[in-house]
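> Heads up: the sequence lines are chains A and B, in that order.
Residue numbers are given in the UniProt record's numbering: position 59 of the first sequence equals residue 59, and the series is strictly consecutive.
Residue numbers are given in the UniProt record's numbering: position 81 of the second sequence equals residue 81, and the series is strictly consecutive.
Treat the hints with care, as some may be off.
So these bits of chain B aren't anywhere near chain A, every CB distance computed over 10 Å [to be verified]:
#1 H19
#2 S39
#3 E95
#4 V100
#5 E104
A partial selection of chain B residues facing chain A, derived with a Cβ cut-off under 7 Å [stated by the list, open to error]:
#6 D23
#7 I97
#8 P105
Beta-carbon label-pair distances, calculated as ranges [as the list claims (entries may be wrong)]:
#9 G47/A x R60/B: 30 to 36 Å
#10 E95/A x R80/B: 36 to 42 Å
#11 A11/A x H76/B: 36 to 42 Å
#12 L106/A x A43/B: 36 to 42 Å
#13 E103/A x E49/B: 36 to 42 Å
#14 P5/B x M1/A: 48 to 54 Å
Hints in this document: simulated from the structure, not taken from any laboratory.
C-beta: ideal position from N, C-alpha, C; glycine also.
2 protein chains.
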Amino acid sequence: MRPLPQPAREAMTLAPVLHALGDPVRLELTRRAKDHPESTCAALAEGLEVPLSTLTNHWRILREAGVITMTVDGRHRRIRVRADELGERFPGVLEPILRVAEEEPL
Amino acid sequence: MRPLPQPAREAMTLAPVLHALGDPVRLELTRRAKDHPESTCAALAEGLEVPLSTLTNHWRILREAGVITMTVDGRHRRIRVRADELGERFPGVLEPILRVAEEEPL
């Protein structure tokens, strides 16, 4: 299992994180990933009517902003929200966003 | 003084708000506007090396997402962050974002 490239915690900045979360599909993917750690990309995207290439792009944006870690596990890619690191770097930012997203269905 | 078109509080959704805040210049403009209510666009953009057309676009994105109210006051446009409405619609989201932005200079 190897993680794909991602910014170190110290290199994260807020605007790209907000940009990454500022899309309804990416927000929903992040919400689901937070609730189901180490799920595969495919499982997390279930039921979303989004082309695979768009999904791939969404995951990349989330990973490059520092929101998620993506690990290659054989043929699967597993996702984990970097909640602890985000919390240290941007205290109090992630939780209310995911709470509101939960009540605002896609 | 008349306000330019903006979404009603009930019509706001989270992703466009995060998208609007997910740009370093827009985040900084919002932070300044929050600290200096009813300032003009020009005053709030002071010192930012951003072309006027880009700034106009930034203010429009913030307004259309519901982050700010823009009021035409003669030749000026005055900005107010819709902090109360954002707080009612998206509890706890705005404050930590602006707090982090404050510590993360542009």
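> Which numbered conditions among the earlier hints are violated in the structure presented, ordered from lowest to highest?
Hints 1, 3, 4, 5, 8 and 10 contradicted; others consistent.
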